[in-house]
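Taken in sequence, the protein lines are chains A and B. Residue numbering for the first sequence follows the working numbering, beginning at 1 and increasing consecutively. Residue numbering for the second sequence follows the working numbering, beginning at 174 and increasing consecutively.
Everything labelled a hint here was simulated from the structure, so no lab data went into it. What you are looking at is a predicted structure, and each value in this text was computed from that prediction instead of being measured. From the three backbone atoms N, C-alpha and C, an ideal C-beta is built for every residue, glycine too. Just so you know, not all the hints are guaranteed correct.
So, partial list: chain A residues that the calculated Cβ filter (under 7 Å) puts toward chain B [said to hold, decoys possible]: (1) 24; (2) 57; (3) 67; (4) 70; (5) 97; (6) 98; (7) 99; (8) 102; (9) 138; (10) 147; (11) 150; (12) 166; (13) 169.
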Amino acid sequence: MSEVTLPDSLQGLEPVTVVETPARLDYRFTAGQATTRFLTGIAAKRILGERCPTCRKVYVPPRGACPIDGVPTAEQIELAHTGIVTTFCVVNLQFYGQELEVPYVCATVLLDGADIGLFGLVQEIPADEVRMGMRVEAAWVDDADLAPNLTSIRWWRPTGEPDADYETYREHV
Amino acid sequence: MRDVAVVSFAQTVHARRDDDHNEVELLMPVLQEVKAKVGLGRRLHGEEIDFTCSGSTDYLAGSAFSFVVALDGVGAWPPIAESHVEMDAAWALYEAWVKLQTGEADTALVYGYGKSSPGSLRDVLSRQLDPYYVAPLWPDSVALAALQARACLDGKITSPEEMAEVAARSRRDAAGNPHAQLQGSAAPAELLDAPELAPPLRQHDCAPITDGAAAMILAAGDRARDLVDRPAWVRGIDHRIDPHSLGARDLTESPSTRIAGERAGVGDGPVDVAELHAPFTHQEVILRRALGLDGKTAVNPSGGALAANPMMAAGLVRIGEAAQRVIDGGAGRAVAHATSGPCLQQNLVCVLEGEG
């Protein structure tokens with residue numbers, strides 16, 4: 001391995017060890033048919049899933065295709081705004097940009113009639129009282145603030161109904 | 174070596190933008206079509222296809238792990254053997270071909286897709302350049318191709334007139350291709366009246382910006398004969414790469430294409446059709462020279478990338494267009510080429526042949 005000989009002008013200078021090269025790219029994201037239908041529904045305070053014609057499973061939020069059968073899922077299914085917490089996590093870590101106060105709870109909510117859970121916050125209950133099987137309902141923003149965006153559902157809150165049996169949701173955990 | 178063939182190929186009708194469909198929705202009909210063409214698609218994916226490989230890039234989609242959602246359109250349950258390359262699906266084809274060579278699979282599905290419309294393609298492509306010295310300058314892809322074109326003109330490799338002829342011929346031939354985005358062209362002399370876009374390149378010298386997808390099915394030996402009457406046998410396939418630094422190589426030639434072509438056996442027989450992945454007109458000239466093609470070969474009867482350039486799929490489309498002509502009986506022996514990186518940095522060459 002040959003030695004590198006620096007020219008006189010570079011003798012004694014500190015080596016460069018870090019280079020910052022800022023980069024920014026802007027994208028105009030295409031939601032696509034399935035997401036457009038779903039978000040349009042959210043803006044109208046409706047939760048729409050899609051059913052696979054082959055396996056009959058209902059997916060929410062829908063993506064236009066069944067991941068098992070690889071076929072389009074055109075059939076729209078209106079879902080209730082209630083469901084159960086299948087699993088949850090208590091977040092204790094305050095991270096940069098986080099607007100919520102810790103501890104807070106995020107959960108997978110299996111809506112009544114759906115075959116996959118969706119992600120959401122759980123509020124209006126102390127974090128240490130949240131449990132699997134707890135029945136919840138959507139807490140929407142005010143009607144005037146509805147938008148084609150999942151933030152139209154602020155969070156999920158307990159309904160007070162009895163918890164669901166583990167057997168009824170064990171496949172979704 | 175196992176005999177491996179292309180048995181089916183399908184692609185979108187390529188367009189400047191598809192604002193109604195996301196990448197998965199764009200791709201799904203193509204996946205269904207490529208299977209239906211050979212009587213597949215009635216059973217679970219893994220029961221019919223032994224290996225699946227795709228080509229795409231997160232930088233085009235603007236989201237991480239974007240290719241994972243595309244598997245929703247495949248039906249990857251029960252779990253399938255699957256892989257992905259963050260580049261043109263021609264290289265996914267190569268990986269699938271290798272998989273079939275190992276004997277671990279007898280059939281493979283290969284697909285590629287890209288929507289260039291969400292972002293600024295020129296800027297997106299700058300992210301593939303040397304991150305220390307080149308990318309921070311944000312040189313756009315057309316400007317880099319223009320550097321190469323300038324070198325070609327100065328080196329008498331080609332002329333603006335020849336480049337205009339490539340553009341006119343390509344887009345006129347594309348009139349016969351129902352999947353092409355640009356069809357038809359003014360005469361070369363009229364094209365040369367247009368102002369330069371990035372000198373010496375004019376608009377006609379550049380591929381369009383495209384949203385599109387393509388898919389292909391490979392099969393080995395008798396399985397290929399079961400699926401289609403006239404498989405397009407892959408007689409040779411090879412890919413090589415030139416130095417990354419644009420200043421470290423002669424931009425007027427393509428050694429990686431030449432070597433890949435030699436290794437794939439391009440010169441071993443007559444070439445009826447050559448589909449060359451040249452997003453810029455001067456690059457077709459470089460590639461023809463590198464592959465030693467003479468005037469007897471029909472180049473880019475599909476219109477080539479100048480007629481439709483779905484990023485991450487255009488190379489696979491070249492292989493598919495060449496294969497389809499063999500499958501349909503229009504060609505006995507065809508060559509297909511795919512490129513990746515700025516100024517023909519990395520190149521793949523494939524030789525396809527029909528039996529009898």
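Each hint tested on the structure:
1. Interface hint at residue 24 (chain A): violated, since its Cβ lies 9 Å from the closest Cβ of chain B, which is beyond the 7 Å cut-off.
2. This hint is violated: residue 57 (chain A) has a C-beta 11 Å from the nearest C-beta of chain B, more than the 7 Å allowed.
3. At about 4 Å, the closest approach between the beta carbon of residue 67 (chain A) and any beta carbon in chain B falls short of 7 Å, and the interface hint on this residue holds.
4. Below 7 Å, beta-carbon pairs count as interface contacts, and residue 70 (chain A) has one with chain B at about 2 Å; its hint therefore holds.
5. Given hint, residue 97 (chain A) at the interface with chain B, is violated; its Cβ is 17 Å from that chain's nearest Cβ, farther than 7 Å.
6. The interface hint given for residue 98 (chain A) is broken, as the beta carbon of that residue sits about 20 Å from the closest beta carbon of chain B, more than 7 Å.
7. Violation of the interface hint for residue 99 (chain A) is found here, the shortest Cβ-Cβ separation to chain B being roughly 22 Å, above the 7 Å cut-off.
8. A hinted interface residue such as residue 102 (chain A) counts as satisfied when its beta carbon comes closer than 7 Å to some beta carbon of chain B; here the least separation is about 26 Å, so the hint is violated.
9. Below 7 Å, beta-carbon pairs count as interface contacts, and residue 138 (chain A) has none with chain B, the closest being about 25 Å; its hint is therefore violated.
10. For residue 147 (chain A), the interface hint is violated, the least distance from its beta-carbon to any beta-carbon of chain B being 20 Å, above 7 Å.
11. The criterion of a C-beta within 7 Å of any C-beta in chain B is not met by residue 150 (chain A), whose closest approach is roughly 16 Å, and the hint is violated.
12. At about 24 Å, the closest approach between the beta carbon of residue 166 (chain A) and any beta carbon in chain B exceeds 7 Å, and the interface hint on this residue is violated.
13. Of the supplied interface hints, the one on residue 169 (chain A) is violated, with its beta-carbon coming no nearer than about 20 Å to a beta-carbon of chain B, more than 7 Å.
Checked against the numbered hints given earlier, the structure breaks hints 1, 2, 5, 6, 7, 8, 9, 10, 11, 12 and 13 and satisfies all the rest.
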